Amino acid sequence: PPELPEKSLLDEILTVRDEECERVLAAFGRKRFARLIDDLDQEFSNICWRACVDERGLSKRAVRNRFTQLAEAYERDAAQIDYRDAEATHDLRKNAKRLRYVADRYRDILGGETVEGVVARMKRTQDQLGDLCDARVNGILLEQFAQRTLGTDAFRQACVLIAQQDQAERQILNALVGSQETPSPQA
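Each residue of the sequence shown is one higher than the last, beginning at 441 in our numbering.
Keep in mind that the hints are not guaranteed to be accurate.
[Stated by the list, open to error] Quick list of in silico lysine to aspartate or glutamate cross-link-like pairs, EDC-like style, CA-CA up to 20 Å:
1) 534 with 512
2) 563 with 553
3) 500 with 553
4) 534 with 517
5) 537 with 574
6) 563 with 593
7) 563 with 512
8) 563 with 531
9) 537 with 522
10) 534 with 548
11) 534 with 567
12) 471 with 451
13) 563 with 517
14) 471 with 481
15) 563 with 574
16) 563 with 515
17) 534 with 483
18) 534 with 574
[What the hints assert, rightly or not] Listed next, with one range per pair, are the computed distances between beta-carbon atoms:
19) 483 with 545: 22 to 28 Å
20) 545 with 484: 17 to 23 Å
21) 549 with 528: 53 to 59 Å
22) 499 with 459: 38 to 44 Å
23) 611 with 497: 46 to 52 Å
24) 453 with 528: 27 to 33 Å
25) 509 with 466: 40 to 46 Å
26) 526 with 505: 15 to 21 Å
27) 607 with 500: 45 to 51 Å
28) 461 with 500: 32 to 38 Å
29) 479 with 592: 46 to 52 Å
FYI, nobody ran anything at the bench for these hints, they're computed from the structure.
Computed from a predicted model, the values in this text were never measured in an experiment.
C-beta: ideal position from N, C-alpha, C; glycine also.
Given these sequences and hints, build the entire structure.
Here it is as structure tokens:
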């Protein structure tokens with residue numbers, strides 16, 4: 441097998457990962473974090489439902505109306521999306537996920553055909569936008585990582601990965617912008 445350079449990119453990544461894990465575990469162990477969790481628990485226990493909801497739950501009509509509102513909001517956002525806007529793209533992906541999960545959770549109330557179509561289209565949307573979001577985040581992380589003091593070979597490997605992520609982002613973005621076909625929850 442070929443000899444590895446003084447410190448490979450993988451070694452650098454593993455070191456950074458271990459450091460981050462230690463920071464997260466230390467933060468979870470602090471008293472401040474425990475107090476925040478206790479405060480959240482207290483806030484949730486103080487939520488008061490309207491009496492009619494507390495006694496009878498939500499009506500099927502209320503669930504259908506809320507689903508319609510979510511679907512319309514998604515359609516509005518999807519029609520106006522600028523895929524080059526990373527935050528807007530991420531928000532659209534989250535809305536597609538929310539719509540998909542609501543449709544799946546309330547399939548008995550919403551009706552089978554409606555749900556199946558929404559779930560399938562929102563899954564495709566999540567996958568497409570997820571690929572775009574992942575390519576962007578990976579590129580940013582790689583660029584930040586490449587700014588560390590790396591060995592020559594590790595730096596070269598990082599540059600190759602950065603170029604690949606940039607190319608993947610451009611390809612996905614071109615496919616989304618070029619198609620002008622935003623998945624819609626309507627059949």
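What hint numbers does the structure not satisfy? 6, 10, 12, 17, 21, 22, 26, 28
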